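Trainee: Here are the chains, one letter per residue:
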Amino acid sequence: MRAFRGNPAGQSSGLGSYPVPQAVITASSLTKKYKDFVAVDGISFEVAPGESFGLLGPNGAGKSTTMRMVGAVSTRTSGDLSILGLDPNDHGPEIRSQLGVVPQQDNLDQELRVRDNLIVYGRYFGIPARQVARRADELLEFAQLTDRAKSRVDDLSGGMKRRLTIARALVNDPRILLLDEPTTGLDPQARHILWDRLFRLKEQGTTLVLTTHYMDEAEQLCDRIVVVDKGAIMAEGSPAALIKQYSTREVVEVRFGSDRNAQVATQLDGIGERSEVLPDRILIYSDNGEAALTRIVERGLSPMTSLVRRSSLEDVFLRLTGRSLIE
Amino acid sequence: MTTTPAAPSTFTPPSRGRLLGSIYAGNSRAVLGRGLLATRTSNYWIILSGFFEPVFYLLSLGIGLGSLIHGVTTTTGQVVSYQAYIAPALLAVSAMNGAIYDSTWNVFFKMNYAKLYEGMLATSIGPFDVALGEIAFALLRGLLYAIGFMVVMQVFGLNLAWTALLALPAVLLIAFGFASLGMAVTSYMKTFQQMDWINFVMLPMFIFSATFYPITVYPQAIQYIIEVLPLWHGVELVRGLTTGSLSWGLLWHVLYFAVMITIGLIFTTKRLKALFLN
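The listed protein sequences derive, respectively, from chains A and F. At position 197 of the first sequence the residue is numbered 197 (my numbering), and the sequence of numbers has no breaks. At position 73 of the second sequence the residue is numbered 1073 (my numbering), and the sequence of numbers has no breaks.
Honestly, I wouldn't trust all of these hints.
Said to hold, decoys possible - Not the full set, but computed from the structure, chain F residues with beta-carbon under 7 Å of chain A:
| # | residue |
| --- | --- |
| 1 | R1034 |
| 2 | G1035 |
| 3 | L1037 |
| 4 | K1115 |
| 5 | M1120 |
| 6 | T1123 |
| 7 | P1230 |
| 8 | A1274 |
| 9 | L1277 |
| 10 | N1278 |
Stated by the list, open to error - Where chain F lies over chain A, by a calculated footprint (3+ residues, C-beta under 8 Å):
| # | region |
| --- | --- |
| 11 | 90-97 |
| 12 | 102-109 |
| 13 | 123-129 |
| 14 | 217-230 |
Said to hold, decoys possible - Each pair of labels, with its calculated beta carbon distance range:
| # | chain 1 | residue 1 | chain 2 | residue 2 | range |
| --- | --- | --- | --- | --- | --- |
| 15 | F | D1196 | A | A23 | 32 to 38 Å |
| 16 | F | A1114 | A | H192 | 26 to 32 Å |
| 17 | A | Q104 | F | A1274 | 18 to 24 Å |
| 18 | A | S258 | F | Y1113 | 29 to 35 Å |
| 19 | F | A1114 | A | G60 | 22 to 28 Å |
| 20 | A | S238 | F | Q1194 | 48 to 54 Å |
| 21 | A | D147 | F | F1109 | 25 to 31 Å |
These are computed hints drawn from the structure, not numbers from a lab. For clarity, every value in this text was computed on a predicted model and none was experimentally measured. For glycine and all other residues, C-beta sits at the position ideal for the given N, C-alpha and C.
Turn these sequences into a full structure, and let the hints steer you where they fit.
Mentor: Structure follows, in structure tokens:
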């Protein structure tokens, strides 16, 4: 099955090795309106086979609505959308049969045991019972839940439930896996286990489309992301390219106390390429963070705390929207 | 990955005619199968308890009140014992109760809290598959109660004619009708308070639908109202069959339930589509 097939020799999952990659998802001017509210406002993007594509944005940016339209469970208001060459308006069930969906909130079947969740879900796709039983065992292995096969769903930890949901999404051997905020609400350890599983899928050439408001997640998993805010795309590119384009190599974070930050900011002019004043801290963008910090101290300013770090997608988002990703 | 590469899957996505293509994948048995598997974790005693309600009515009213009443005239003019008069009505009620139980409260929970249908409809399954599968599952309980009750009737000698055998397909039809309409109505419910309206309708319908006495005791206007309600049709149909008071008029009751089933399926499907494929 596709999710478990290693790449045949001479064919990598990377974009470049496909002669003419035909997009598995093509959206153009995709729009979704609910009465007066515009959830998705004319966004356009393409996803190539084997690509790992991310929608990064804060809550309410229209990520989930976009995912629902791509998942053929929500009808677009206008624009064009093609999933695996088919229009979801006319071919919903055919498209859904080739997708794996990990929704934002787990909707596992609480009345069924862990393994039965996989089997029953496979049956929804019309997969023969014997085939789906074999598949379920493979997926339990993949999700590291083999020893929990007979457990109640309720008894699983948050991370385990999430892994089971991902395993369930793979039961029909999907051509595209859609993940809506796959690690939101998980503790760091559970997130890393999950990332590891998703990275394996990516390595095997599964097309991943994920939404997230965690920049580290996007950086870890995505070949290419679009930054969305208020239903529109703000920027597009690989995480590294976006950071290069919209931020400096490093950032200095300094805190002078909530009352003083704004006041001190005026005295930092000329240090770094630019700065952002947030309620709790000041960010100074510079290719050499340590040097910038030294200059701050030289001006006689003594921050309560200081941190020099690499730029992240958080900084890109801040630059593009003037707001933080997680508010 | 520790697993060996498996053979490519051999199943093909179902493709249907254009008309039903987006709402029906021909796979309602997967939904029904899920329901059956889920009963493994449910409490059998609770399921069983629903069966006893009409039995208690039969014992209390049939024996108690029945000792004071000597014969009741059915719609076709046949005079039968009081027990034989109310037993078929209670048979229809047991089918109704079983069907309503799963298609209302359980569906309400699955729809609003367990997010079950949301998960189902993210697969290649369509809303008509879900409607048909869930309704089929709900009617099974009604059928189960009814079969149990038929055995009780046989033991008490209340099946007066061989046509009582036909009461089985009849209760299947009745359970199907109630399950179908029950799920349709439930799909429009948003709160627990609204769900209580179902009970508010069910109880008077149970008492007044020629269950314990002929509706001819009412003024004509009230009779018309009762004849619009589904349980009266169920009671008359089953009573005709178990007492052997056959007439072509019974076919009207069959037609009534056929229409009820159709309406329920259409509205349930429409509603599932509106809720989960919007």
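Trainee: Decide, hint by hint, whether the structure agrees.
Mentor: Taking the hints in turn, this is what the structure says about them:
1. Hint status for R1034 of chain F relative to chain A: holds, with the closest Cβ pair at about 5 Å, below 7 Å.
2. Interface hint at G1035 of chain F: violated, since its Cβ lies 9 Å from the closest Cβ of chain A, which is beyond the 7 Å cut-off.
3. For L1037 of chain F, the interface hint holds, since its Cβ comes within 7 Å of a Cβ in chain A; the closest pair sits about 6 Å apart.
4. Taking 7 Å as the C-beta cut-off, the interface hint given for K1115 of chain F holds, the closest approach to chain A being about 4 Å.
5. This hint holds: M1120 of chain F has a C-beta 6 Å from the nearest C-beta of chain A, less than the 7 Å allowed.
6. Evaluation of the T1123 of chain F hint against chain A yields a held restraint, the C-beta minimum of about 4 Å falling below 7 Å.
7. A cut of 7 Å between beta carbons decides the hint on P1230 of chain F: the least distance to chain A is about 29 Å, and the hint is violated.
8. Here the hint on A1274 of chain F is broken, as its CB sits about 11 Å from the closest CB of chain A, past 7 Å.
9. Given hint, L1277 of chain F at the interface with chain A, holds; its Cβ is 5 Å from that chain's nearest Cβ, closer than 7 Å.
10. Against a cut-off of 7 Å between C-beta atoms, the interface hint on N1278 of chain F holds, since the closest Cβ of chain A lies about 6 Å away.
11. Residues of the region 90-97 of chain A with a Cβ under 8 Å from some Cβ of chain F number 7, which satisfies the need for three, so the listed coverage holds.
12. Requiring three or more residues with a Cβ within less than 8 Å of a Cβ of chain F, the coverage given for the region 102-109 of chain A holds, as 5 such residues are present.
13. For a cut-off of 8 Å, the count of residues in the region 123-129 of chain A with a CB near a CB of chain F stands at 6, and the three-residue condition holds.
14. Residues of the region 217-230 of chain A with a Cβ under 8 Å from some Cβ of chain F number 0, which does not satisfy the need for three, so the listed coverage is violated.
15. Between D1196 of chain F and A23 of chain A the beta carbon distance is about 51 Å. The supplied range of 32 to 38 Å is therefore violated.
16. Checking the proposed 26 to 32 Å range against A1114 of chain F and H192 of chain A shows it holds: the Cβ atoms sit about 30 Å from each other.
17. For the pair Q104 of chain A and A1274 of chain F, the supplied restraint of 18 to 24 Å holds, since their beta-carbon distance comes to about 21 Å.
18. Range check, S258 of chain A to Y1113 of chain F: about 42 Å between beta-carbon atoms, so the 29 to 35 Å window is missed.
19. Range check, A1114 of chain F to G60 of chain A: Cβ separation about 26 Å, and the 22 to 28 Å hint holds.
20. At about 51 Å, the CB distance of S238 of chain A to Q1194 of chain F agrees with the hint of 48 to 54 Å.
21. Checked against the hint of 25 to 31 Å, the C-beta distance between D147 of chain A and F1109 of chain F comes to roughly 30 Å, which is consistent with it.
Of the numbered hints given earlier, the model fails hints 2, 7, 8, 14, 15 and 18; all others are met.
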